[in-house]
Structures are given as C-alpha cells and as structure tokens.
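The opening residue of the sequence shown carries number 32 in our numbering; numbering runs sequentially from there.
Since the hints were derived computationally from the structure, they do not count as laboratory data.
Cβ atoms here follow ideal geometry from the backbone N, Cα and C, with glycine treated the same way.
It is possible that part of the hints are untrue.
Computed Cβ-Cβ distance ranges for the label pairs, DEER-style [what the hints assert, rightly or not]:
#1 F54 - P102: 55 to 63 Å
#2 G63 - S101: 54 to 62 Å
#3 K96 - E133: 15 to 23 Å
With a Cα cut of at most 25 Å, we get these calculated SDA-like pairs of lysine to any residue [stated by the list, open to error]:
#4 K126 - V116
#5 K65 - S90
#6 K56 - E75
#7 K126 - Q93
#8 K126 - K46
#9 K126 - E99
#10 K46 - A57
#11 K65 - G83
#12 K56 - E136
#13 K121 - K46
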Amino acid sequence: MTAGKGQGFGFGLGKMKELAAAFQKAQQVQEGAKRLQEELEQMEIEGESGGGLVKVVVSGNQEPKRVEISPEAMAQGSELLSDLVTVAMKDAYTKSTTTMRERMEELTSGLELPGL
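Produce the entire structure from the sequences given, and follow the hints as far as they go.
This is the structure in structure tokens:
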C-alpha cells in the first residue's frame with residue numbers, strides 16, 4: 032500500500048521548518064554550554080566565614096582552588112577553625128551553584144522544541 036500524493040510522513044512543510052529551527056537552536060545551546068563550561072572552570076567564586084577570617088575559593092563548577100586562613104582564625108583553635116572552614120566551603124558552594132544555575136537559565140531561555 033502506498034501513501035497518497037502529498038501525504039509524506041505526516042509533517043507539513045511548516046512543521047519541518049519548525050523542527051529545523053529547533054535543531055539549530057539546540058545546536059547553539061550546545062555550543063553555548065561548551066563555552067559556559069570553559070568559563071565556569073576559569074571562574075573564581077569566594078566563600079567566607081567569620082567576617083573574612085577564612086576564605087575558600089572554588090571554580091564556577093565547584094572545583095576547590097584555594098583556602099585562605101588568617102592568623103586570627105588560626106589563633107581560634109582547631110575546633111573553631113574547622114567550623115570556619117566548613118562554613119566558608121558551604122558559602123562558596125552555594126554561590127557557585129547559584130551562578131551555574133543562573134548561567135544555564137540564561138543559556139536555555141527561549142528554547143522551545145516543537146512537539147515536546
């Protein structure tokens with residue numbers, strides 16, 4: 032049994048154009064995501080605690096880069112110092128997660144895939 036003339040695969044010409052445009056947009060998003068990943072790797076996001084006594088720096092994708100501990104923090108003793116480092120790590124992690132999410136939302140805003 033053969034399909035009638037002009038029936039094709041159930042896609043009209045308009046749907047094919049929509050689909051082509053969606054694929055093009057998806058490709059742009061993929062390229063943007065690659066650039067964003069490279070940018071996130073180079074970013075330095077700082078978390079701190081104790082009013083700056085301890086600072087933790089991570090990349091935009093949460094890779095630890097360095098920890099800065101002031102002499103005043105060292106004088107607080109190991110237990111308090113441990114708490115200060117933990118709080119600074121959480122601060123840096125939260126900031127980097129927020130930055131990553133915001134940047135991904137910017138990248139994918141306006142992406143509409145037909146039929147999905």
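Hint-by-hint comparison with the structure:
no.: 1; hint: F54 - P102: 55 to 63 Å; verdict: holds (58 Å)
no.: 2; hint: G63 - S101: 54 to 62 Å; verdict: violated (39 Å)
no.: 3; hint: K96 - E133: 15 to 23 Å; verdict: holds (20 Å)
no.: 4; hint: K126 - V116; verdict: holds (15 Å)
no.: 5; hint: K65 - S90; verdict: holds (16 Å)
no.: 6; hint: K56 - E75; verdict: violated (30 Å)
no.: 7; hint: K126 - Q93; verdict: holds (9 Å)
no.: 8; hint: K126 - K46; verdict: violated (41 Å)
no.: 9; hint: K126 - E99; verdict: holds (17 Å)
no.: 10; hint: K46 - A57; verdict: holds (16 Å)
no.: 11; hint: K65 - G83; verdict: violated (34 Å)
no.: 12; hint: K56 - E136; verdict: holds (15 Å)
no.: 13; hint: K121 - K46; verdict: violated (47 Å)
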